[in-house]
Each structure stands twice: as structure tokens, then as C-alpha cells.
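Protein chains: 4
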Amino acid sequence: MIYPDVQNERPKYAYKLTRVGVSDVKKQIFVKRPNKNVTLTVTIDLYVDLPATKKGADMSRNVEILSEIVEESIKSPCSSLENLSEEIVKRMLKRHEYASYAEVTMSAEYFLEKSTYSGRKTVEQYTLLAKANIDKNKNIRKMAGVKVVGITVCPCAMETTRTMLIEQYPEYEEFLNKIPVISHNQRNDTTLLIEVPGGFEVEADDLIELVENSMSSPTREILKRKDEGLIVLNSHLNPKFVEDVVRTVLTKVEEKYKGFPGDTLIQVKSVSEESIHKHNAFAEVITTLQDLKNKN
Amino acid sequence: MIYPDVQNERPKYAYKLTRVGVSDVKKQIFVKRPNKNVTLTVTIDLYVDLPATKKGADMSRNVEILSEIVEESIKSPCSSLENLSEEIVKRMLKRHEYASYAEVTMSAEYFLEKSTYSGRKTVEQYTLLAKANIDKNKNIRKMAGVKVVGITVCPCAMETTRTMLIEQYPEYEEFLNKIPVISHNQRNDTTLLIEVPGGFEVEADDLIELVENSMSSPTREILKRKDEGLIVLNSHLNPKFVEDVVRTVLTKVEEKYKGFPGDTLIQVKSVSEESIHKHNAFAEVITTLQDLKNKN
Amino acid sequence: MIYPDVQNERPKYAYKLTRVGVSDVKKQIFVKRPNKNVTLTVTIDLYVDLPATKKGADMSRNVEILSEIVEESIKSPCSSLENLSEEIVKRMLKRHEYASYAEVTMSAEYFLEKSTYSGRKTVEQYTLLAKANIDKNKNIRKMAGVKVVGITVCPCAMETTRTMLIEQYPEYEEFLNKIPVISHNQRNDTTLLIEVPGGFEVEADDLIELVENSMSSPTREILKRKDEGLIVLNSHLNPKFVEDVVRTVLTKVEEKYKGFPGDTLIQVKSVSEESIHKHNAFAEVITTLQDLKNKN
Amino acid sequence: MIYPDVQNERPKYAYKLTRVGVSDVKKQIFVKRPNKNVTLTVTIDLYVDLPATKKGADMSRNVEILSEIVEESIKSPCSSLENLSEEIVKRMLKRHEYASYAEVTMSAEYFLEKSTYSGRKTVEQYTLLAKANIDKNKNIRKMAGVKVVGITVCPCAMETTRTMLIEQYPEYEEFLNKIPVISHNQRNDTTLLIEVPGGFEVEADDLIELVENSMSSPTREILKRKDEGLIVLNSHLNPKFVEDVVRTVLTKVEEKYKGFPGDTLIQVKSVSEESIHKHNAFAEVITTLQDLKNKN
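Chains as they are written, first to last, in the numbering used here: chain W, 1 to 296; chain Y, 1 to 296; chain B, 1 to 296; chain H, 1 to 296.
Treat the hints loosely; a few may be bogus.
As the list claims (entries may be wrong) - For the chain H half of the interface with chain W, some residues (derived, Cβ under 8 Å), not all of them:
1. GLN28
2. THR39
3. THR41
4. SER67
5. GLN125
6. LYS224
Rather than coming from a laboratory, the hints here were simulated on the basis of the structure. For every residue, glycine included, the Cβ atom is placed at its ideal position computed from N, Cα and C.
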């Protein structure tokens, strides 16, 4: 039987649309990691633009492409979520023959073995991010990213309490100037997205390490007393505003990816769940490698 | 006692930051509405840019400005969230004397008396949105917006089931072509944001009406049988893809705000919680009034 | 026209159901507070039980009752959310003549003027909670509650870092034993629900004060340097596990509500967003006033 | 170095606590499924009770147990999340020697290959649930569960629109009484938890099938026109209130698990995101197999 192709009709109001597709699709995808293969549960949004002459996008094609991709990843695990995203937008532009643009966004929980300060092994949870888009000239932009949870200690409050303690105990001024003193600290979420130009590769595990080492301290899931004390101590020796976290990420990115082209896009965002407030502290930068070098 | 001004130090890594501030601040604000004053519980994000030479933004200034604004709104309710946003970014740029940019984003639940098809009064819940930003030349851009929940009925599935029913009951073809037949339908969230140029005003209640009438049907909280039947009937007489919802909003915006400047920014987004899928359907446009007129 | 009463049919599978109704209804309700009237945006769930002989509950009756209640609160603000809940379940049982049980749950954001340690006025955000249920013998149980966000400082990590600092600086042992030293601290959410027996009243503002003073310190939205230092200092002078927070609430409840009957139900829950972990710490008690007195 | 054991101190206020532990821990766990092994990303809460004489629970022990369990599941995938939960609470009671109770709750996204009505393979997303608790006499109660997303079509609105259509087209009354007519339909979440008594097993894939077949229709991720039409048609031939969904689950559970003991606990909950309202419809039952047989 032939069913009417309503999507292909002329729309009543002929306006071009920027993004049409499906959001919040969930898929299990098999990905090759350094020394292992992992299964990721990925949440995915997929969109194309829609010309003014077509009533509806053929949305099931997006999910069909995802389905093929998953099938293929079962046989041969994909090399990274950003390379997968690139492959997806290529197929989207081919399959939606009316579209001049396609984009995909992905995120997935991810686990890595790490160590505490005293050397105990733990498994920590992170979030992998990936994005790609393609235009009608087949220009592709893809980005790799991670979200990392750690701790920030406030540098300003530490100096204020130091002043207060010195006022109360002036005879210990020299000592109080030597040790880390009390401050507020809190859980911090920091996100890094970096463009991966054609011919270059970015390893997500490197991004995680880079971001985790940009906070006051990494956090760990199993902490016996000594390790708990060492996280507290080390984070207070390294107090950071959200602004400092973002800038530390930037300086590490500038160094690590210095071989990348100058127009490589960089986005960093850091949010601290302030323990002394009911609201959050936030810092963000959207820049390029070239602008980093220019210190803008 | 003098406490060290850590925010004002030179940062270790001197990069300019795009947005620094506080997010998820909650405030009760008193707003003048047509024929009444209302109390809104508003969630607010406030950011400035931060020069490469300054370690930290003075975040408490953002909350102080909000606090003053709330005090003033108790005495004299503000005219709209977007006008309030404009006033806030002006004060932010003045108070953060090192910043060359400020922005604020707001959202608040909002209630309006509406009628069912049979004329019964109900009170419906909507979301008000507002945004403003300012640059170093004091150029201000502000936007007013709403999010509206309604119902969409799928036009494609309706034609497919019509074909199926006609195949099964060919003797009723003419009748089946005349009546609305079964389709899937679902809850839909549609968001409209429109720039409010200097010297112009936008009434949020108008935006709500405009968006609500762009879906297959508005929904209502109290529905006795007749009204429930009328929503089902009217929405099936008016089936819409998310694409159709966005385009219907666009045509109404083009008509209603035709006196606004051509570069007035328009953003519309529609998300349907597809009843036949576990994922959502999504359509979005980011455009200007001029482009709407050009049918681009 | 008469429409079929499908809800009233015999169900295909005749099982009694425990709770049937509507969830996530939002309403603005006007409430009398000490010295002022406030507008609350309340999220409400309303359920009755359903006998095995009836196919569906008449759900629109729940929303009709809410609508009447709101109308009445406009004319005469209600005295508290828990008294409102009591009135609602009474009407539910009357209106759903087939039901032998009704319950309602409410929550609403709420704002109160508070002071920082140095005396500056700020407006802080809390959550009001209320619950009521009624059985076929008209026995009513109602509960009043609050959720409060504050700060907890870990007492264990503080003693560990004290030991570490003393090991490094043995000559300062006496001094290090005298001052609060560094620890991890974090945002904490603590919820208290207390039954309000017939003839008794509970004032939500009292519950907020009671809970806020059971954490390491209250937090405030506007903190200039001195007040920020004082929150850090005071919270480190008062380190608390989530267990300690719950027990401090219990001892204050036992004292403040000692005139209440022994079977008065008490629920306290405290969740700390651990800054040194990616997961949370949690403590909860469900008890009665009598059991508190028995120290069980 | 010896660090002070603060958790083991006497608390200032000696009250017994009901539940103390960690929440929102995430772990990847390897589970044996029919014909395959899968990797699940599991979110876990773990609690013990705390006697009045002990200041704090030793929370890191919970995460250590999880860590061991994960290690073991890498070598030998566990048979089910509920059996894993049983093993975890046993170890918790042993490791927290002061506790007389332990409980664990788990949830994980899960994917299964399914077919559309026309036979096309798709992969659908579900949620696995598991719970276990243990008391001081080593009595264990464990539960297995699933959450399934599907579609419900309202039976009441269908009869109302049928009446309306017949009034408008009385000459087609017979035909209109024969076909499914328009109604509202929406996404529905249904959750089933069933106790798994010692010596019995429950297969989660069976629970998923049982729940999915209790809604108006399952939903599928890839639907070409014919399959979309068939979901719409079949769901309208099978209209269901949330009450009907819960009762259909109950009758299938009563049949499928009739060999289980009478005191086997059953919980079913169904929530429809009503397309004609902004709020949800909700039905729940908490019962036992024996009560089902008694039709209570």
C-alpha cells in the first residue's frame, strides 16, 4: 500500500528552518579506548536544516543512521565519539538530500581507573562529549570534549580567614602565613570542548587528565583517612576561583595542542556549587588557539 | 580590618574570559501586568566579561544589584522582565568598572486565566523568559519570551491511518476523507523569544496567545467530558508537525510585529514528546524579521 | 448531549488501586505569614484510592477542588499549606464518594529576610513542604515541613589534617589544637517534616530557623569579605557530619515541640554534596516524639 | 601515622538513625543476560542504620564493597542486579559491624532488541531496577524491577468524540461504532517491582515484555509510515487509562508468578504525560500476590 508522503508537501507557511530533527535518543555504542574497548550509553541529538519548500523533515532517517552506526560499532568499535559524529553528519547530509546542513551532539558517562594521592586505585566517573556539523560544501567541524567533577577551594576566603586568625593570634602571624588556612570549598563541574581539525586527533583521556589537574584537586570515590586528608591539604595548597580553573585549562590546552591550527575553537566552562551560597559561581571562555597565543 | 582583595590580583595565566558571574539565583520580583500586579519567582544568571589582567570578578556585586532591584520592585512593580533585565545590565556595566560586556537571563513560572472551548474559566501555567546584554558602547539588546505547553497531532500518521481505514472499509472512503481520523498526539513545549528594540514594547500575554494558537490546540487544566472531546476534536482538525508549529509562530510574529525594525531577532523552538517514540521531535529557527519577509 | 461515563464502568481486571490521581499540578496560592501575605507557586500531587469495581477515578475533580481553594485563598489567604492540605483531602473524600482514602503533597519555593553574621539584611530561599491524608473514618494526618540549604564542614577530615599539620609543625601543636584547621565543606540540603496533630500549630518560619541552625552554618546570598570569612570561620568551629545535622535537628525538635503528643511523626533527611567525592553523603531518621524521648 | 577515628566517637545527641550512607554513586557493572553479557552504568544508593552510640557511619566501606563487586563482575558477570544487591547488603551488614539493617537501591539504562508490528528489528531503551535489604536476623528481601516507556490512548475521550461524531453524522452511527475514533494519547512511564523470594528467580526481560504489553501499545524508535500507522491503530484499538495499565500488569503478574509465595510484594506505578493537560495522570498499587488472588 502507498501512504501519503505528508512530509514532502509544500508547507502552508514557507519559512526555512534552522534545525529540525530528534533529541534525547539513547544508544549503546562500542568505542575503542587506549588498551580496551568500552560500551557507552550515549544521549544524542541530530538535526538538519529544512528548506522553505518542504513541510517536514524525514526524522526516522536520523534514527536509521544511528542504528546502522551502532550495528557497525558492534563489529568494529569506533575510534572516538567525535569521529563517529563526523561519520553521522556525512550520512545525514547524504540521506536528507534537501538539507544543506547537519549537526549531531553526543554525551556519555565514562569511567577511568585513577589513583588517590597515596596510590590506591579507584574508578572515577566522567562525561564524554562530542559534536560535529557539516555544511553544503562538505566542510566539517567536529569537537571533542569532557566534563569533569572536582573540588575548588576559594582563594579569597582563605586570605580573609588568615587575616582574621592573625588578628586574633598576632603572635602566630608568621606561622599562619606559612600554612593553608580554612576556606570554603565545593564540588566543581568543568567542561572542555576542543575542535579536532581534519588530520588531527584528540584523546579524551588526555582531556580528562588536563581538566582534572586544573582544579584545586581531583576527587576520588574511595578515600580512607589519609587520602581524604591529602585531598583537603592539596586542594587548600592550590586554591582556585572558577576563573582560575578556566584559565589553567586554557594554558594547558595552549601548550598541549600548540601544533593545532590557529583557528581551532576552544570552549571551557566551570561551575562551582558554592558551599557558602545557594547559587553557583560560573566562568566561561569561547576562544581560538590563536587568540590564546595573543593572550586575548 | 582590611582584608586582602584577591579578586583584584593579577592572574597567574592572563587570558580574557567571555562570561563570569553567578547562576541559578532565585528572587521574588513584583511585576505590573495588564490589569494586575503579580509576584514572580525568577531564576536568574548574571555574567560580565573579565579582562586578562584581573584574577576574579566581584561576584557579590551581581547579587547586590538584584537585591536593589527587588527592593525597588516592592515599592514600584517593574513593567516587564525584559525592561528589568535592561536595567540590570546597565548597572552591572557601571558596577563592574573593568567589564566591557554584561548579560542577564531570566525565567519565571507565570499563570493566566484562560477559557476552555465551552467557555469555562481555568488558570493555565506558562513560563516567562527575558534576556538582555550590553556592550562597552552601551549598546543594549533585550529579548522577551515565553514557553507554552500545548498539544500537537501528527498530520502524517493521520493520513497513514486514513489510508489503512479506507483499505479496510472502502465503502466508507468518502466519509473517511471528510472526518479527522486517529493519529498520535502528545505534549509539546514551544518557546518564542523576540528582540524588543529600543522604543518598542512587547506584551508577554500577547506572546503566550500567539504561541498557544500556533499548536494543534491549547490544553487546559480542568476538562469535563465535553471540553476534553473538543480539545481532541479541534486538535485533530488542526494536525501539526513541530515544523508547522514553528512556522505558524513565525507567520503570526511577522504579522503582529511588522512595525518592528528588520534586524529584530526572532528565535522559535518546538519540542514534541512523541507518544510513539521514546525520543523527542525538535524544530528551531533563529532568524530576523527581515529574513521572514524575504521568506528565507 | 450525554457522553458515556467510561470511568464508572466495571474494569476488565478488578483490582483495588492504592493511589490514583494527578501529579505535578502547579498553582499560585495566597498564604498568610507572620506579618505579611505571600504568593506561593505550589507543585501539588493529589490521589485517592480506587475500589476494584470502578474503572477510572474522576481526575478532573481533583483539579476542580484545587481551583476552588485557590479562588478562596485570593479572597482570604490560607493560614498554612498544611491546613490547606487538610481542607483539600476533606473535600477529596467527599467529592470522590467511592474513595476510602485521599492524600495530597505540596511543595513551594519560599523567601525570608535573614541577616548575615555582621548584621546585613539578605533574602534567602527555602522550600515549604506539606502533606495530608484522610481515611474513611475521617482520621486526618497532616505534616508541615521545610527544606533548607546550608553548609557542612567535615569533622573527621579536620582532625586528620590537624594531625598532618602537627606532624609537619610539631612545635605548633598547642596552637594547632586550638584553632579550626582546614577540612572539606559543601552545600547541604536538610529536610524536616513534622506531624501537626489536631489542635496544634507549627510555624514554618520556626522550622526553617531550627533546621538552619542545625548545620555547620547558614549560608547567605550576599557576602562581602568579612561575612564570607565569618561563615567560613563559624562553620569550621562547628563541623558536622550529615548524621550530626539530623541529630541536632532532632534534639531541637524534641525541645521545641515537647508539648506535642508522643506519637507525633518526625522525619529528617540531610544530604551533603561531598566536595571530595562525586557522590553524596546521606542520613535520615523516621521516628516519633516518644521515641526521641526514649533516645531510640 | 594514626588519625583520630571521629566516626567512632559518642555523638553529642544520642539518637538512633534509620538510614545513613552514600547516594548517587555510579558504577559500570557486567551482567549476564539471556544469550549475552552486557555492561550497565548503574546508579546506586547504599544505607545502614546507625546506633545512638556512634557519631558517624564508615561511609567509605560502602564504596569499597561496590568496588570489590565491580572487580568480581569483570571476571564473572553477575546473574542479575537483584542478586548483586543481595550480595551487597550481606557484605554491608558484615562490614558495618554496628549496624542491624542494610539496604541498597539500583537503577540502570538497558537496551533490548525488539520488533515493530511489521517485523522490523529495533533496539529499545528500558530501565532496570533492583533493591535489597537485610535485617539483624539476616532476613533478606530483594526486589527486581523495570521501567518501561509506551503509549496510552484515553478510552473516555474516545467515547466522547464518538458521541460527537455520531451527533454530527448520524447516518454513519453504525460505522462510527465499529472503528476506533480519535482520542488523546501520550507517552506513559510504567514501573513494576516484584519481590524475588529466596529460591526463586525473575528474568528482567520477562518483566519488560509483561509491562510493555500492558499499555495501549509498545513504542519503537524507528517507524516507517506503515509501522507508525500500526502503532496508532493498535493503540486506539486498545485504549487504556493509567488505572487500566496498572491492573493489566497486575493480572499478568498474578498469572505469570502464580507459583510464588502469597506474601510476595508487588508494586506497580503508571504515569501518563497527558497531552491535553500540563499535569500528569498517575496510578499506583502496593500489594501482595495473595491480595491479588483475593481481588483486593
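Holds or violated: is the Cβ of H:SER67 closer than 8 Å to a Cβ in chain W? holds (6 Å)
Taking the closest Cβ pair, is H:LYS224 under 8 Å from chain W? holds (6 Å)
Just to be careful: measuring from the Cβ of H:THR39 to every Cβ in chain W, is the smallest value less than 8 Å? holds (4 Å)
Quick one, is the H:THR41 hint okay against chain W at 8 Å, beta carbons? At about 5 Å, which falls below the 8 Å cut-off, the nearest Cβ of chain W leaves the hint on H:THR41 intact, so it holds.
Holds or violated: H:GLN28 as interface residue toward chain W, Cβ cutoff 8 Å? At about 5 Å, which falls below the 8 Å cut-off, the nearest Cβ of chain W leaves the hint on H:GLN28 intact, so it holds.
So, as I understand it, the hint says H:GLN125 touches chain W; can you test that by seeing if any CB pair is closer than 8 Å? Holds, about 5 Å.
Violation of the numbered hints given earlier is absent; every hint is satisfied by the structure.
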